[in-house]
Each structure stands twice: as structure tokens, then as C-alpha cells.
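Peer 1: The chain contents come next:
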Amino acid sequence: DGGITQSPKYLFRKEGQNVTLSCEQNLNHDAMYWYRQDPGQGLRLIYYSQIVNDFQKGDIAEGYSVSREKKESFPLTVTSAQKNPTAFYLCASSYGQGWVTEAFFGQGTRLTVV
Amino acid sequence: GQQVMQIPQYQHVQEGEDFTTYCNSSTTLSNIQWYKQRPGGHPVFLIQLVKSGEVKKQKRLTFQFGEAKKNSSLHITATQTTDVGTYFCAGLNAGKSTFGDGTTLTVKP
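Line order of the protein sequences matches chains Z and P.
For the first sequence, our numbering gives the first residue as 1, with consecutive numbering after it.
For the second sequence, our numbering gives the first residue as 1001, with consecutive numbering after it.
Bear in mind the hints are in silico, worked out from the structure with no lab data behind them.
What you are looking at is a predicted structure, and each value in this text was computed from that prediction instead of being measured.
You can trust all of the hints, since none of them are fake.
Chain Z regions said to be covered by chain P (calculated; three or more residues, Cβ under 8 Å):
#: 1; segment: 34 to 47
#: 2; segment: 104 to 114
Covered by chain Z, per the in silico footprint, the following chain P stretches (three or more residues, Cβ under 8 Å):
#: 3; segment: 1044 to 1051
#: 4; segment: 1091 to 1102
C-beta atoms are modelled at their ideal positions from N, C-alpha and C, and glycine is treated no differently.
Using the sequences and the hints given, assemble the complete structure.
Peer 2: Spelled out as C-alpha cells, the structure:
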């Protein structure tokens, strides 16, 4: 089945630890994105990538890092520098350049930092 | 930076009533996309509008893009309980898209 997979669905970490969220797609999409969603709010862009080995900061990149070494994979690391990391994280991908076609979202990872 | 405002934040309707959510951008948009997110789920693409004044329909859903390409609306006729969820718009400007905060629709049977 083609799609975009995020893992794990739920993640718990202690404060001060870095954590990496996985995002894999087999849709052959060039563009991939990471969003953060807080309760009652919209999606805020963390990072995006339009091609392998290249990525750009979104609106709230501080405290996060990404890599795009393969077309299929776009992992997000939430570092200890992120002041309020507890949130719902959504990965998405789309065909062609960013946002000109529909985005397909993963199921999301709910991160809780205690 | 680009701002996309969406109103209302919440809408409670009786089943069978109509529902409309509005999206307004501070800048002219290249396109606008609409997504639906069911409770506990992830956003799912509904439609994309590109042309000024464009109107598209999907069964009971009608999407409009304003003449100035700065606003858009989603109208649902005769809501059903399956319509519950949060509806988001996302506007593309200068190579980056910004999501509105969404309108959460609840439907009373």
C-alpha cells in the first residue's frame, strides 16, 4: 500500500532528552513537511524539504532539526532546546514543488515530555 | 509574515442545518487548499482552488475562492453527523503555505 507512515503513534520522553520522530513515504513525493499541532490550534510548519539533501526552516524551527538523506525519509529530532515539546506532530508529503498539489498526512505522533 | 485567519473557531449545528467557514488572508494567494481532520485523526485533503472566483462542488460541499484571491469559503448544505471535525484552509503565498486555525464543527443529531 502506498502511503506515509509515522512512528511511533505515542511517545513519552523525559525532559532534557532528544527524541527522533520517524516519517517514511513510498509515494515517490519530492516534498515533505513537518507540522506541529497544539490543542485547538492549526498546523504550524516546523521544517520542509523539496528535494533530497535540502531542507528549509518553517515558522517554528527553533529547537528542532531534520535531515533528508533519502527521498523516502524525513526524520524530525526534537532537541532539549525546544522549550515546550509536548504536542501532536504531523508529517506530510506532496508531489512536485511544495504545496502546489495535495498533501498526504501521516497518522501523527503524539509526544509527551515529562 | 503571511497570516491566514479562519472564522468561526467553533460551530455547533443541528443535523440538517447548513454550515459555512471562512478563510481570509493578509496576502494574495497562489492557491488555497481545504482539509478536514476528524477527532483524533489527521488532516485529509478535500480540494484545491487556484483561479480567481473559482467555485467547486463536492456533493453537499461548495468551495469558493474570492475574486481577489485573498479569501475563501467552504459551505456544507444539510449537515450530517459524518461532517463533524475540524476544517482547515491553507493558503500558498511566496512559496510557502500557511494554515488557518480551523473551524471545529459539531453536529447534533
